[in-house]
Each structure stands twice: as structure tokens, then as C-alpha cells.
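Novice: Position chain B relative to chain A; hints supplied.
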Amino acid sequence: NAGVTQTPKFRVLKTGQSMTLLCAQDMNHEYMYWYRQDPGMGLRLIHYSVGEGTTAKGEVPDGYNVSRLKKQNFLLGLESAAPSQTSVYFCASMGRAYEQYFGPGTRLTVT
Amino acid sequence: KQEVTQIPAALSVPEGENLVLNCSFTDSAIYNLQWFRQDPGKGLTSLLLIQSSQREQTSGRLNASLDKSSGRSTLYIAASQPGDSATYLCAVQTSGSRLTFGEGTQLTVNP
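Just so you know, the protein sequences line up as chains A and B, in that order. Start counting the first sequence at 1; every next residue gets the next number (my numbering). Start counting the second sequence at 1; every next residue gets the next number (my numbering).
With the rest of the complex left out, here is chain A (with noise of 0.2 Å):
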């Protein structure tokens, strides 16, 4: 049970090359998420998904986007990578109880 697994962990992109950041959880959870943490700003939700085939805009969804194809999947996209999404990016899913799990994070440079 590997619980929640983030694919890379780090990647530096040059402004206005793409790429996917996945995530992959195997506790056959229906809720996932993704989030930005930045100094000062703390956790914000981008874009979360209610379960396999549906997604939804989080707090701070601008240049990014999601797909959510099968359950244990989340995938989330920079089409055009700008300096201000060098972050670092973690991935959650929920369980029932509302618990929520939290993958080790992709820290992403983007120059």
C-alpha cells in the first residue's frame, strides 16, 4: 500500500515548456486534489476532482488544467509554464472519514 505517489519529484521547465505532473493513489479513494504551497501563501487548492471523469475549479486554477480518466489518477498540466507557478505541488485524496492524505510533493522551477 503505497498510499499517495507523486510523479516527478522535481523538474526545472523553461518558461513556456510543458508539462504533467501525476499523481497516483491506490486506496480506491473518489476525492483528489491538487494544491500550491508558496512561502507566505500557504496551501492553496488549484483543482480537485469528486471522482473518476470529473474535476473541479479550486482557488487558484489559472494556467493549469486536470484530467481525471481513471480513479487512481490525477493529472495535472502546465500548458505554458510562467516563473510565477515555480512552486512546490502536493497531491491529496480523501477517504471517508475525511481524512485526507497528501502525496511528497513535486518541487517544480520554472525560469
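Worth flagging that the hints you see were computed from the coordinates, not collected in a lab. A portion of the hints provided could be inaccurate.
Taking lysine-lysine pairs in the DSS-like style, the calculated list, with each CA pair at most 30 Å apart, reads [unchecked claim]:
{"hint": "1", "chain 1": "A", "residue 1": "K9", "chain 2": "B", "residue 2": "K42"}
{"hint": "2", "chain 1": "B", "residue 1": "K42", "chain 2": "A", "residue 2": "K57"}
{"hint": "3", "chain 1": "B", "residue 1": "K68", "chain 2": "A", "residue 2": "K57"}
{"hint": "4", "chain 1": "A", "residue 1": "K14", "chain 2": "A", "residue 2": "K57"}
{"hint": "5", "chain 1": "B", "residue 1": "K1", "chain 2": "A", "residue 2": "K57"}
{"hint": "6", "chain 1": "B", "residue 1": "K42", "chain 2": "A", "residue 2": "K70"}
{"hint": "7", "chain 1": "A", "residue 1": "K9", "chain 2": "A", "residue 2": "K57"}
{"hint": "8", "chain 1": "B", "residue 1": "K42", "chain 2": "A", "residue 2": "K14"}
{"hint": "9", "chain 1": "B", "residue 1": "K42", "chain 2": "A", "residue 2": "K71"}
Some chain B residues near chain A, calculated using beta-carbon distances under 10 Å [as the list claims (entries may be wrong)]:
{"hint": "10", "residue": "L99"}
{"hint": "11", "residue": "G102"}
{"hint": "12", "residue": "E103"}
{"hint": "13", "residue": "G104"}
Idealized CB from N, CA, C, for every residue including glycine.
Specialist: Structure of chain B alone, referenced to chain A:
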């Protein structure tokens, strides 16, 4: 809009001391409140979850209380140890399945 504030932002105590971390939120219409621990460079680990109908939850040396009407929660750590050094975040669940996080309290327990 729900806002979550944690005071203090940083705290340094000697080993063995009992301590209290504070969390306040602006909208009392919450489903639950969670306390998390984050070690440097790592993801978040859920410590305690208090449902809106509960007053407190305990796990080992940790005790979390909730006063929904006043918009406050406290995390009490008994007999602190150097291994307790980490950032502690509180988060409230309001509408649907979304969490709003505070910025955290960075705790250092000195041997």
C-alpha cells in the same frame, strides 16, 4: 470567504515543555477541522480530525480542541520532544470537499 489564521508563526521551546498551538477561522459553518504535521521537504501527515459536532480529539501526547462558535481550535502537545519539531498546519473543511489551510506554526523543540 473562509480565512484560517495560525498563531504564533514560529515557536521555540525546551524539551519536556507542554505547549499550545492556536488556529482561528472566520466562518463557523465548518464540517470538520484537521491538524497536520509537515517535516521539511515532505508532504503533510494528518494528526487529528475533529468533526464539527465534536469538542476534542486525542492521540497519544496530542490533544486538539474545537470551539466552533468562536472559530477557534487549539493543538496541545504534552511533554514535547525534539522529534516533534516540524511545521503544524490546521485546515477547515467548509463547502463540499474543499479544505482551507492556515500558514502553519513552525515548532522547534530544543534538546
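Novice: Among all the numbered hints in the text so far, which are the ones the structure does not match?
Specialist: none
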